[in-house]
Amino acid sequence: MNNRLIPFILILVLSGVCPGQTRQENRPVRFFGLPADAVFPERLSAPVIKQNRLDRSWAENRLIVKFRSGADAVRIGCFLSQNGVSISRSIPRLGVTELILPEGTTVPEMMGVFNRCPDVEFVEPDYRTFICAQPNDTFFPYQYALSNTGQWVGPPGSVRGTIGADMGALDAWDETRGDPSVVVAVIDSGIDLTHPDLQDGILDGGWNFIDDNADVTDDNGHGTFITGVIAAGWNNGVGISGVAPGCRILPIKGIDAVGLGYASAMIHAIIWAMDQDVDIINLSVGADGPSRALESALKYAYDHDVVVVASTGNRRGPVSYPAAYTDYCLAVSGTNFRDEFLTMSNYGPEVDVAAPGERVFGCLPTWSVPEDAFPYGFLTGTSIAAAHVSGLAALLRSLKPWLTAADVMKVIRFTADDVNRAVFPGRDDLIGYGRVHMGKALIPHRVIEKGENK
17 MNNRLIPFIL
27 ILVLSGVCPG
37 QTRQENRPVR
47 FFGLPADAVF
57 PERLSAPVIK
67 QNRLDRSWAE
77 NRLIVKFRSG
87 ADAVRIGCFL
97 SQNGVSISRS
107 IPRLGVTELI
117 LPEGTTVPEM
127 MGVFNRCPDV
137 EFVEPDYRTF
147 ICAQPNDTFF
157 PYQYALSNTG
167 QWVGPPGSVR
177 GTIGADMGAL
187 DAWDETRGDP
197 SVVVAVIDSG
207 IDLTHPDLQD
217 GILDGGWNFI
227 DDNADVTDDN
237 GHGTFITGVI
247 AAGWNNGVGI
257 SGVAPGCRIL
267 PIKGIDAVGL
277 GYASAMIHAI
287 IWAMDQDVDI
297 INLSVGADGP
307 SRALESALKY
317 AYDHDVVVVA
327 STGNRRGPVS
337 YPAAYTDYCL
347 AVSGTNFRDE
357 FLTMSNYGPE
367 VDVAAPGERV
377 FGCLPTWSVP
387 EDAFPYGFLT
397 GTSIAAAHVS
407 GLAALLRSLK
417 PWLTAADVMK
427 VIRFTADDVN
437 RAVFPGRDDL
447 IGYGRVHMGK
457 ALIPHRVIEK
467 GENK
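First residue of the sequence shown? That's 17 in this note's numbering, and the numbers climb one at a time after it.
Heads up, some of the hints might be wrong.
Derived Cβ-Cβ restraints for the label pairs, each shown as a range [as the list claims (entries may be wrong)]:
| id | residue 1 | residue 2 | range |
| --- | --- | --- | --- |
| 1 | P417 | D227 | 16 to 22 angstroms |
| 2 | P108 | E387 | 24 to 30 angstroms |
| 3 | G128 | D423 | 40 to 46 angstroms |
| 4 | D423 | T210 | 36 to 42 angstroms |
| 5 | G221 | G333 | 36 to 42 angstroms |
| 6 | H320 | L219 | 18 to 24 angstroms |
| 7 | T420 | R332 | 29 to 35 angstroms |
| 8 | E137 | R105 | 15 to 21 angstroms |
| 9 | D227 | R308 | 22 to 28 angstroms |
| 10 | D445 | A422 | 19 to 25 angstroms |
| 11 | G442 | T420 | 21 to 27 angstroms |
| 12 | R132 | S197 | 49 to 55 angstroms |
| 13 | P124 | R84 | 33 to 39 angstroms |
| 14 | D227 | P134 | 33 to 39 angstroms |
These aren't lab readings, by the way, just hints derived from the structure by calculation. Computed from a prediction, not measured in an experiment: that's the story for all the values here. Cβ atoms here follow ideal geometry from the backbone N, Cα and C, with glycine treated the same way.
Kindly produce the complete structure, drawing on both the sequences and the hints.
Right, dumping it as structure tokens:
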């Protein structure tokens with residue numbers, strides 16, 4: 017169907033040319049960041065990342081549909097009206113439409129109705145998504161992911177890291193700490209705009225796709241942590257350092273206070289981020305079910321040279337969506353402070369690379385800690401691993417702005433360290449091409465290689 021006809025269909029349905037309605041399902045979106053089991057240092061608080069364990073996997077009253085190219089708009093409008101379906105909103109660039117189903121119908125029932133319509137290219141539930149988390153900064157010594165000296169990972173007496181089991185941040189920062197013209201869109205639960213370590217890197221003008229307004233305040237905690245991993249201030253005497261402290265963050269809220277969202281919100285957020293000319297999109301979220309509409313949004317970003325980074329998930333099972341759409345994004349699993357595979361990570365042939373994701377130290381919302389406590393703590397999950405990779409992608413874009421999205425993805429893959437080569441030499445389904453290495457990726461004479469170099 018011609019994208020220009022979507023508004024016309026909306027007019028037909030709203031004007032009652034033909035009576036009808038339809039309905040769809042959504043699966044919960046969860047953040048891939050789980051509180052670590054570490055004891056927290058004095059005046060630090062445990063993360064308050066809110067996890068929703070609802071089993072419902074889709075919205076009970078919505079569907080996402082794409083009509084075939086050339087389909088008659090009047091006929092489609094009548095079909096929608098006859099089935100009691102109304103249009104919520106559309107994304108013309110993807111040719112998909114979000115529909116509201118009539119009361120008393122179920123998503124499976126209405127999926128059957130739409131699948132029998134010859135004008136429908138595909139119809140799918142609106143699946144839920146879920147969250148999957150050498151400067152003078154006060155707590156930089158806790159950041160083993162950036163520089164692992166064998167330090168305590170947590171308070172003294174907990175566990176120690178392995179020397180060198182890190183991403184080589186100090187070498188990378190000799191090349192660049194990021195350019196402020198490079199923007200990373202963080203589609204998450206929002207950001208604590210009052211956090212002292214995030215004051216300089218956040219752009220105005222973010223958007224909330226949960227409440228459809230400009231309030232991007234983080235009422236969950238996950239988005240603040242992810243933002244800090246990517247771009248917390250460097251050498252500012254406060255807290256931690258982000259991977260790309262010189263780059264900027266565009267906050268986009270697509271996850272609610274309990275850590276859930278919908279694929280439709282993710283899709284709208286991705287397209288909106290593209291309109292803001294971002295360079296990187298971080299998706300530390302996942303969904304259990306496939307979405308052709310979400311895949312189309314990722315392809316749209318990839319085709320326009322925006323690098324999308326997604327976490328694989330934390331269920332020790334198959335890679336979650338959207339990370340499973342690995343043709344159009346970097347799928348990131350996790351490693352720990354000893355360069356071992358993070359056992360909670362999802363795994364499979366879709367995994368591109370891994371990054372530190374266990375007991376990572378980062379920013380907590382200021383509202384989540386007592387007034388006399390530092391707003392920092394530890395978090396574990398592939399959400400954090402993905403954020404590390406988004407930061408690396410931002411550094412690459414800063415140093416080598418001519419690289420395409422495909423180029424950036426290749427460099428990150430082919431400069432990764434094969435840290436489990438003793439057991440699984442070469443690319444494997446646990447850590448993909450390896451644990452990313454910032455220093456190697458930013459070496460000036462590094463050229464893009466073809467094929468696997470592990």
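#### Entry: Structure-inconsistent hints, enumerated in ascending order
Numbers 1, 2 and 13 - these are the hints that the structure violates, sorted from lowest upward.
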